[in-house]
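Student: Make the full structure from the sequences, and use the hints.
Note that the protein sequences, when read in sequence, are chains A and B. Residues 13 to 208 (my numbering) are what the first sequence spells out, left to right. Residues 146 to 427 (my numbering) are what the second sequence spells out, left to right.
Mixed in with the good hints there might be a few duds.
With a cut-off of at most 30 Å between alpha-carbon atoms, the simulated DSBU-like pairs for lysine-lysine come out as follows [as the list claims (entries may be wrong)]:
hint	chain 1	residue 1	chain 2	residue 2
1	A	Lys116	B	Lys359
2	B	Lys342	A	Lys206
3	A	Lys206	B	Lys359
4	B	Lys199	A	Lys202
Covered stretches of chain B, going by a simulated chain A footprint (3 or more residues, C-beta under 8 Å) [to be verified]:
hint	segment
5	197 to 203
6	391 to 405
Worth flagging that the hints you see were computed from the coordinates, not collected in a lab. Keep in mind the model is a prediction, meaning the values are calculated, not measured. Each residue gets a CB set at the ideal place from its N, CA and C atoms; glycine is no exception.
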Amino acid sequence: MAKKILIPSVLIAFIGVAAMAHNGATGIVKERMDGMSAMGKAVKALTPIMRGAVEYDADKVRSAADVMIKHAGEQMISLFPEGTGGMPSSALPAVWDNWEEFSKISNELKAYAEGMKIAAGNGLAEDAVEQDDAMMGGSNDTMMGETSEDTMGGGTMGAETMITAEMFATMPVDTAFASVAQTCSACHQKFRAKEN
Amino acid sequence: MIGALVVWPIGQDVAPITLAGDVKKGGYLARASGCIACHTNFEGGGKPLAGGVKLDTPFGALYSANLTSDPELGIGGWTVEEFAKAVRQGISPEGEPYYPAFTYPFYANFSDQDIADLYAAFQTVKAVPEAAPANEMPFPFNQRWGLKVWRAAFLKQPATDPISGQDPEWNRGRELVGGATHCAACHTPRNLIGARKSADEHFAGNPSLPGGSKAPAIDYNTLRKRDWTVDSLAYALKTGIMPDGDTFGGSMNEVVQQGTRFLTNEDRRAMAVYLMDDHSGG
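Tutor: Okay, structure coming up:
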C-alpha cells in the first residue's frame, strides 16, 4: 500500500517542479515557451477536426495553421540564441551542438504548416475516421508491400523526404497535419529534455 | 565455479519448424516488435535492419546487430530453428546468451507460426555486408556467463496469455503490450543489474533510460490521472499527439514513427483498451 501512495506523490512532485520551471522562465526562454504552448493549443484544437470527430471547418484549420506558421521557422530559431539552455529551459545542449539540424526542423515545421494551410481546402481523406492509417503511409501500403524494402523498413517516409507545396495542394489535410505533428515529435525527441 | 558457468548449457531445443511463413504478417510483427526501430541506424542514415544503433547502458555500450540477410555479417545463414531460439530464448546459434538489451524476454510466447512469418520476412531484407561495431562492455559485463546467472534469476514468462472472461480486444491488447510491443522494457524501472522490477513497479516509469532519457509511468492509474482515454491513447500511438496538444518526445517518437503507426487501428485500440484498464494480476 505504501508504494501505491508513494508513486503518485512522486508524480505530483514532478509536475510541481515542471510547473515551477515554466513559471520561473523569463525573457527569451519564456517567449519561446509561450510560442510552443500556442502551437500545442493549435494542435489540440486541430486534433478532433482531423479525426473527423467534429464537423470539418477549413477556416479553423487555416487559423490554427497561421499560429504555427507565426511561431515556426526563423521566428523559432531566433528565440534560441546560444547560451539560453539549462534551467528553467527544457532545451537540450543538442540544440546548439546540432544547430543546422535544429534549424532545418524549425523551417520544416513552418513549411509543413504552410502546406497544411494550402491543403485545408482539400478536406479530410475519404473516410478519414476509418482509414486514417493511410495518412502516414499506413500498414497496408508501406509496411506490408510486396517488395523487400517496403516490408521490412524501407520505403517509409524518411526524415530526409521533403514534401513540396505541390504535393500539399492535392493532399488530404489530415495527411498534412500528420507531417506537422511528426515534425514536432522529431524535434522533441532530439532537442527537448522534458519527459512525456 | 566460473568454468562450470561457462559450459552450463542454457535454453531449450527448438522442435523443427516446417510451417510456411507469411512475409506480410512477419513484416507486421517485426514492426510491432521494434526490430526495425532498434536495428536500423536512422540517425546515421543506415540501411534497414543493418544494425549499429548505439545503446548506452549503465554497463557499457551496446550496438544493435546486423539482421539483414547477409550470410556472414547478418543472419542470412541461420536456420529457422536458430532464429526461433534467438528470438524466443535470447540465445545465439553459438549457444551464447544475448544481453537483455535485446528484448527477447517479451517474445518468448511467439508461436511457431509467428516465428515462421518473421523468418520469411527477414529473408526478404537486402543483405548489407557491414559488421555492426563491437560492443564496448567492460569487465565483468563482457563475460557472457554472467548473463546465464541473470537469466536464471530474472527470466520470466511474458504476460501475453489470454485471460478467460476478458473480451478478445482486451486479450489482444494484452498479447501486444506484454509481448511484441514490449512497453515494459522502458516503462518499468530496472534494478541495479538491469532486471525489470515487474512485481511491484510494473509500468511505474523509468527515470534513467539508456542514453539518458526518461520513460513516464503508464500504469492505468497514472494514465487516467493524466487525462488519457482509450481513444486518445490509440490516436497517440498512431500520430504521437497527446491529449494536451503536445507531442511525444524522447524515444517514444521513434516507437511511433517506426512501430505503432504501422499497426492497424484495431491493434492500437486493443493496446489502449488493455493499458487503460486495471490489468494488475492479469
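Student: Run every hint past the structure and note whether it holds.
Tutor: Structure-based check of all given hints:
no., hint, verdict
1, Lys116(A) / Lys359(B), "holds, 26 Å"
2, Lys342(B) / Lys206(A), "holds, 24 Å"
3, Lys206(A) / Lys359(B), "holds, 8 Å"
4, Lys199(B) / Lys202(A), "holds, 15 Å"
5, 197 to 203, "violated (count 0)"
6, 391 to 405, "holds (count 12)"
Taken one by one, the earlier hints fail for this structure only at number 5.
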